[in-house]
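Asker: Residues per chain are reported as follows:
Number of protein chains: 2
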Amino acid sequence: MIQNFIYNTPTRVVFGQDTIGQVGKLAKEFGATKVLLHYGSERVQKNGLMEQVRQALDAEGIGHVELGGVVPNPRLSKVYEGIELARKENVDFLIAVGGGSVVDSLKAIGYGLANEGDVWDFYDFKRKPAACLPVGVILTIAAAGSEMSNSSVITKDEGGIKRGCNNEACRAKFAIMDPNLTMTLPEYQTMSGATDIMMHTLERYLSSGGHMELTDALAEGLLRTVMQNAKILLEDPSNYEARAEVMWASSLSHNGLTGCGTDGGDWACHRLEHELGGLYDVAHGAGLAAVWGTWARYVRSNDKQGRFYKLATRVLGVSAEGTEDEVVLRGIEAMENFFRSIHMPTSLRELGVDPTEEEYKVLAHKCALSTGNNLGSIRKLHEEDMETIYRAAR
Amino acid sequence: MIQNFIYNTPTRVVFGQDTIGQVGKLAKEFGATKVLLHYGSERVQKNGLMEQVRQALDAEGIGHVELGGVVPNPRLSKVYEGIELARKENVDFLIAVGGGSVVDSLKAIGYGLANEGDVWDFYDFKRKPAACLPVGVILTIAAAGSEMSNSSVITKDEGGIKRGCNNEACRAKFAIMDPNLTMTLPEYQTMSGATDIMMHTLERYLSSGGHMELTDALAEGLLRTVMQNAKILLEDPSNYEARAEVMWASSLSHNGLTGCGTDGGDWACHRLEHELGGLYDVAHGAGLAAVWGTWARYVRSNDKQGRFYKLATRVLGVSAEGTEDEVVLRGIEAMENFFRSIHMPTSLRELGVDPTEEEYKVLAHKCALSTGNNLGSIRKLHEEDMETIYRAAR
Chain G
153 MIQNFIYNTP TRVVFGQDTI GQVGKLAKEF GATKVLLHYG SERVQKNGLM
203 EQVRQALDAE GIGHVELGGV VPNPRLSKVY EGIELARKEN VDFLIAVGGG
253 SVVDSLKAIG YGLANEGDVW DFYDFKRKPA ACLPVGVILT IAAAGSEMSN
303 SSVITKDEGG IKRGCNNEAC RAKFAIMDPN LTMTLPEYQT MSGATDIMMH
353 TLERYLSSGG HMELTDALAE GLLRTVMQNA KILLEDPSNY EARAEVMWAS
403 SLSHNGLTGC GTDGGDWACH RLEHELGGLY DVAHGAGLAA VWGTWARYVR
453 SNDKQGRFYK LATRVLGVSA EGTEDEVVLR GIEAMENFFR SIHMPTSLRE
503 LGVDPTEEEY KVLAHKCALS TGNNLGSIRK LHEEDMETIY RAAR
Chain D
153 MIQNFIYNTP TRVVFGQDTI GQVGKLAKEF GATKVLLHYG SERVQKNGLM
203 EQVRQALDAE GIGHVELGGV VPNPRLSKVY EGIELARKEN VDFLIAVGGG
253 SVVDSLKAIG YGLANEGDVW DFYDFKRKPA ACLPVGVILT IAAAGSEMSN
303 SSVITKDEGG IKRGCNNEAC RAKFAIMDPN LTMTLPEYQT MSGATDIMMH
353 TLERYLSSGG HMELTDALAE GLLRTVMQNA KILLEDPSNY EARAEVMWAS
403 SLSHNGLTGC GTDGGDWACH RLEHELGGLY DVAHGAGLAA VWGTWARYVR
453 SNDKQGRFYK LATRVLGVSA EGTEDEVVLR GIEAMENFFR SIHMPTSLRE
503 LGVDPTEEEY KVLAHKCALS TGNNLGSIRK LHEEDMETIY RAAR
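Residue numbers (the working numbering), protein chains in the order written: chain G, 153 to 546; chain D, 153 to 546.
Where hints are given, some of them may not hold.
The list treats identical chains as interchangeable, and a pair is accepted whether it falls inside one copy or across any two copies.
Unchecked claim - In the DSBU-like style, the derived pairs of lysine-lysine whose C-alpha atoms are separated by at most 30 Å in a straight line are:
hint, residue 1, residue 2
1, Lys177, Lys325
2, Lys186, Lys518
3, Lys278, Lys177
4, Lys462, Lys278
Since the hints were made in silico from the structure, they are not lab data. Predicted model only: the values in this text are computed from it and were never measured.
The whole structure should be built from the sequences, with the hints applied where relevant.
Answerer: This is the structure in C-alpha cells:
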C-alpha cells in the first residue's frame, strides 16, 4: 500500500566545482545582512575556505561573525554559545561551513534564536519549535544529508544524551556543494559517510508500513551507486566524479525522496546508534555499520513484506536460489561483507567499543527512554530487545 | 563528465487520497486572500471537484473567481482573458485545477500579472519575466510535470505558434496530487501522459553533454516504473497504486531530478512536437511518440557516449549480443514496440496527421525559427534535418 506523503525540499542546491564564491549572492538573495559562520575544525581556516567565504560575503556588504569548534556528535554547550554570540551580534542569517555536525549545531542555534526558552526542550520532546532563523550550508562532508533534511541531532554534554529534532522550519535555504571540498577527508570518514548515506535510504526502504515501486526503484539505484563509488574512492580518493556521486547521494538519501509512500521509515538502527554516539563518541556511520547486521537478523522474521529479500536480490546481487530465508540471510551477509570491504566495522568491538555489563543496561535504558520504549517499524523493539541487540552486536 | 547544476524544487507536494480539502489551508499559508481558479473542461464542475475546492477556500475566508475553458495546447487568448479577469478582481494567488495545459496557462497568467507589457514577449524570447504571481496546483492529469517544473508552453492562436518559457519564478508553491482524480481519464490521454513523462526523462537521459551515474540510475528506475504501470493501467485503469506511481513519476521526471549533472537535455523531440501540436492540435505525448523513433534513428550515429546503448540494455531489456549498432537499433525498436503496446502512434499517420508538401516545409521552418536553427544536443539539427525527420516520420 502506498501511504500519503508530503514532499518538501525547498533547499536550493548549487552543485559543482568553483561554486563557493556564490555564497555572498545567495545569502543576499535570502535576506542576510549579518551572518554567523559556524564551523568545526580549524582545517577550514587553514585551507583558505573560510577566507573565500568571508570575501564573498564582503563583496555583497554582508557582515559576519564566526564560531568554530563544533565536534562530531555536536554538543549542546556549543549551541548555547552560538545562540549567545548571534544574539549579541544581531545575526539574521546562519551559514554552516562543514559537515552534518556543523549543520545540525547551526539548526539548533537557529531554533534557539527564533523561539523563547531553552532550545534543549525541542530535542527532549517537550515542545515543538515554531520557527528557525534562516540557514545556509557550504558542505564539506558527504554523509548526514542535513543540508537538505528537516533533521538535527544534538548531544547534551552531561550524560551524553543524543537526541534528534525533526521540523520543516530548519530546512536550509541553500546548500553549496563542491565535491572538491571532500577530497581530503580521511578514508574512515569518507566510508563512514557512505554508510550513513546508505542507512538513510535503508531505514526507509526496509520499513514495513507502505511502499511505492517508484521510490523503491530510486532507492535501489541510489544504494547501488553509493556502493560502487565508495569502492572507487577506496582506491582513488581524489576521483572527482566518485566524490560528486556520493555527495549528491547524501542529499537525496535524506531529503525525503527515498521515503515517499512509506510509513516514514524504521529508524531503529539510527536510534540504537544514537546511544552509542552519545556514550562513546563514535563516528555515526561506523556506529550504524556496527549494529546493522545484528539488528537485521533480529527483526527479519517480522518482515512480512519481503523487504530484506528485495534488498538482497535487487541491490546486493544475491541469487534467488534456495528458500526465502536463505536468500535473506545471504543478503544480510552480503551487506556486512560490503561494509568490511570499505573497512567499516560490523560489530561493537570492531567499532572500538566494548561495553561493560552495566553499560549494556545503560545503553538499552537510555534508548528505551528516548523512544518511549517502542522503537522501529519492521518489529517493535522494547528495552529488553534493545539490550539483546547491543549484546549480540558485541 | 558531471556538469555543475542547480537543483531547485521549492514546490510543496501533498500527495495521496483525500488531500483536496487541504487547498484552503495551503493557499492561506502562502498568503492568498483572493484566488483565480483556472480549469479546462466542465468535467471538474460536474464531478464536484470545483465545489470541494470552493468550500475549502471559503472555510479559510479566501475569496475566489473562476475561469474555465483551457484547451490542450493552451491558447494565448485565454491567458489574456485570465490576466484581465484577475486584474479586475484583485486576485493575489492563482490555482490551477487540471493538467499540464491548465497549469501552463495559469503560469502565463502569473507572468502577465507580475510584469509590465505583453506576456507573449516571454514566450517569443524577447524578454525574461522578472516575477510571477504565486501559483498552486490541484493536479488531475499525470503527464506534463508542470506542477513542479519551471516551464510553461503556450500556443498563440494566430498561426498556431507553440512556444515555451522556462523560468524559476513560476514554480508552484504547492501541488496537491490525489491519484484518484486521474482514474476516469480516457486510455488515450493516460497513455499519452505516460509517454510525456518518459520523454521528459529521455530528453535528459539521452543528451550528450555530461552525465552522472546517480542521475542515470534514478532515470532508469523511473522509466521502468512508468512502463510497468502504464501496462497495468491498460488492463486496469482504476488501479490506485498504478495511478499513484505514474502521477509521482510525472513530477519527478520534470522537476530537474532527472537532469542533474547533464547539459540540460536534448529536447529536439519536444521542439519537433511543439510544431505538430501548434499546427494540428494533437495530444502532446502522442505527438512525441510519433516522432521519437524517427528522430532516434536520425541522430543515433552521433551518440558518442553510448546513451542509446545504455537505454537499450538497462531500461528496455535488450540483450547485449551483436554489434553496438545492432543493440542500439533493437533498443529503438523495443521502445517503439512499447509505444505500440500502449496504443501510442509511432508515425505521423498513426497520429492522424498527414502533412502536405507545403506543410512539411512550414513545420521545419517554424521549428528552425523558434530554435535559432540549431536544435538538440546529441546531434545539432538545422532546418533541412528537421524537414527530413518530419518526412521520415510520416
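Asker: If any of the earlier hints don't hold here, list their numbers in rising order.
Answerer: Of the numbered hints given earlier, those the structure breaks are 2, 4, listed in rising order.
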